[in-house]
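**Student:** One-letter residues, chain by chain:
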Amino acid sequence: MLLRYAHIVVLIITLSVTSGAMGHMLNMTHIDVKIDSSAQGSLTLNIDLGQSLISPEAYWDAANQLNSEAHPQIRYALAKLEQALQVTVGESPIFLERHSVSLQADSLSAVTNPLIPQMTTIRYDFQVQKPSPNVRVSLNPTLTVPWPCLVRLDLAGQPLPMSRVITDETRVADFAPDQGTLGPVDQLVSKWAGLAPQAIWVAIGFQHILPLGLDHMLFVLGLFFLAGGWRVLLLQVTCFTIAHSVTLALSTLKWIAVPTNIVEPLIALSIVYIALDNLYSTHLARWRLAVITVFGLLHGMGFAAVLSDIGLPKEGFINALALFNIGVELGQLTVLLLAFMLVGWWRKQGWYQASIAQPATVAIAGTGLYWFIKRAAF
Amino acid sequence: MLRWHSKLTPLIGTAIVATSLLAFDKALSVSTRALIFDASETAAGRFPESWIHGSESAMDNDDPAVQVHAYNAHTFILRENKAINYEGAFMYLLFGNERALLIDQGSTSSPALFPLREVVDEIIADWEAEHGQSVTLIVANSHLHGDHYAAWNQFVDRPETILVGLTHEEVLAYWGFSNYPEQRLTYDLGGREFIVTGTPGHQSSEIALYDTWTDLLYTGDMFYRGRLYLDDWEAWKLSILRLRALADDFPVAHLVNNHIEMTRIAGVDYPIGSTWQPNEPPMEMTLQMLDEAVQATNEITKPGIYTYDHFLIYNEIPWAYTTDP
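So the protein lines, in turn, are chains R and D. For the first sequence, this note's numbering gives the first residue as 1, with consecutive numbering after it. For the second sequence, this note's numbering gives the first residue as 1, with consecutive numbering after it.
Note that these hints are calculated values from the structure, not bench results. Take these hints with a grain of salt, some might be off.
[Said to hold, decoys possible] Stretches of chain R that chain D covers, calculated by requiring three or more beta carbons in the stretch to come under 8 Å of a beta carbon on chain D:
hint	stretch
1	49 to 63
2	94 to 105
3	129 to 135
4	260 to 268
5	272 to 281
[What the hints assert, rightly or not] Within a straight-line C-alpha distance of at most 27 Å, the following computed DSS-like cross-link-like pairs (lysine-lysine) qualify:
hint	chain 1	residue 1	chain 2	residue 2
6	D	Lys26	R	Lys374
7	D	Lys7	R	Lys348
8	R	Lys80	R	Lys34
9	D	Lys237	D	Lys302
10	R	Lys34	R	Lys130
No residue lacks a Cβ here, since even glycine has one placed at the ideal position from N, Cα and C.
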């Protein structure tokens, strides 16, 4: 009986709420937050005031005044909004400075009709003291706006905007990444982004070698396992790095374009070639350096394909590209360092080639061949 | 420097490693891709005789908040109770071997009134138990109007879930559009492939999805049995032609969408805001109806309300204008 009664109450409440939001919810509230690379921010709020905080008549009256913002009902609505609306970046609450208020009002009947949204646009400016990717926008429970409220965040250094929804039940739009669900590298990325927004591209580049770029990792290990000293390794890595940096830049700038269905199988084949060459060469031949350079050009196009999936920001494009490349180099060096720490100590031992380098190289060649078949045939 | 017994040894080793990896890969794909979604034939499915369609007294309505209809074992159509919100929005939960795709999240935010997450979680848990595999849930939207994402928040903290996002840029990035809306993309749920294309006109971020397995063409709010509110006539016109071209290239069993607003009487809709729609026509539409829309693109030249048997076109006029008496 009690449940039945609750059901009726719920439906009455629902009908009273939905009656003000008919017509595919056109008058829903929007909040757009932008923070640029110089830590300047803006917040734009689009709200149907005449259907929420004040009467349609008062709204129409205000809209017909020369200075709408000075109308007592608009001042009341703005005070209520500004009391309820809170933005924090990192741990710091943000002071919002009202920049402009603009009222749309086609006619009194339009303002009265929720199916003809007459939106007020209010813009605020703000300055961020300590940049952080952790942004929170909240509306306290004293405020009721046409729901749902869509919140969009454009953050410098992020290739895409982010979105959240504030509803009557959930008053917070939290853009803080959930550290519990992030892997250690993503947590690092998130931390770097807080310290310097552009540095995130170093972390993204690093991730595309370690742990995501298994094929590039194996290629670098292929170079590592060639017999010879550090000079041999340095020469090979330098050729590879210069070459892939060139095609990464050219492909990202769209000056060259090779389809990924051609590049990816060739990258796999480059791994097979380098590994097999290790097994049949006694020293670093000059032509091997030329071949590595050609393969470097291929790998650069592979990096560029990944980067185009992420999308570089329009603002600071060149910086982001350069930082991504630095991240890739750091990832490469880390792979070599780890390889050295694991097995490099024994490079000069007589058994190193037969027991470590050659089996590892065969495994690399086999994996490259497997990838080649997968990428070329499927 | 070769120190192994023969020059052939490394080559044999390489072949053994590659073959082993391919065999392992094959075994893994067989064990985890238990379901075959054969696109060469139309997978069977059925719609209900009638959908739950509200009640004369919304307060006395005791229908479930979310109606769940299994079109087939891997295709679920959900409908929001019209007594809770007059939009009576349809939502879709489609399963592949790796992912489940939830298209739209209805018109009501409150989990107490509209427990969409609970319902979706239950369907997924049952499906996973029955098929012995787990899926990542993709929370997507046909377009970015509030009556299609009101319950989006219910999925924000869900594990194994990807939220496509509610900005134009996020939508384009997720589906992989580089040339929206013209582009046709292939989207794979794990053996079950969809063709995705852009269909703006009603809203500027709208997409249509064609399921190559069931041959259902999902048209969102840009084409359904109801009032087709068009913000951009030229964009809608091209979108309708794009859908027609898609239907020329692929077999289409039914066109499915998000609302029912028409009655069974040709050219007559239920009044805006109806929470009770007795004797509703089916939700699914036919290619003949799409042809009627193609015909409309040739006939309509200026803003206004245009009546067709199975839909009304509200061309670039305020949504409050109505044919209601």
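**Student:** Evaluate each hint against the coordinates.
**Tutor:** Against the structure, the hints come out as follows:
For a cut-off of 8 Å, the count of residues in the stretch 49 to 63 of chain R with a CB near a CB of chain D stands at 0, and the three-residue condition is violated. Residues of the stretch 94 to 105 of chain R with a Cβ under 8 Å from some Cβ of chain D number 0, which does not satisfy the need for three, so the listed coverage is violated. Restraint check on the stretch 129 to 135 of chain R versus chain D: 0 residues with Cβ-Cβ distances below 8 Å, three needed, restraint violated. Figure legend: the stretch 260 to 268 of chain R, annotated as covered by chain D; annotation inconsistent (0 residues with Cβ-Cβ distances under 8 Å, at least 3 required).
Coverage of the stretch 272 to 281 of chain R by chain D holds in this model, with 6 residues showing a Cβ closer than 8 Å to a Cβ of that chain against a need of three. As the CA atoms of lysine 26 of chain D and lysine 374 of chain R are separated by approximately 11 Å, the hinted pair is consistent with the 27 Å bound. Taking the CA atoms of lysine 7 of chain D and lysine 348 of chain R, the gap is near 23 Å; set against the 27 Å cutoff, the hint holds. Distance hint between lysine 80 of chain R and lysine 34 of chain R is fulfilled; the C-alpha atoms sit about 23 Å from each other, no more than 27 Å.
For the proposed pair lysine 237 of chain D and lysine 302 of chain D, the alpha carbon gap of about 13 Å is at most 27 Å, so the pair holds. With a CA separation close to 15 Å, the supplied pair lysine 34 of chain R and lysine 130 of chain R stays within the 27 Å bound.
In terms of the numbered hints stated before, the structure departs from hints 1, 2, 3, 4, listed from lowest to highest.
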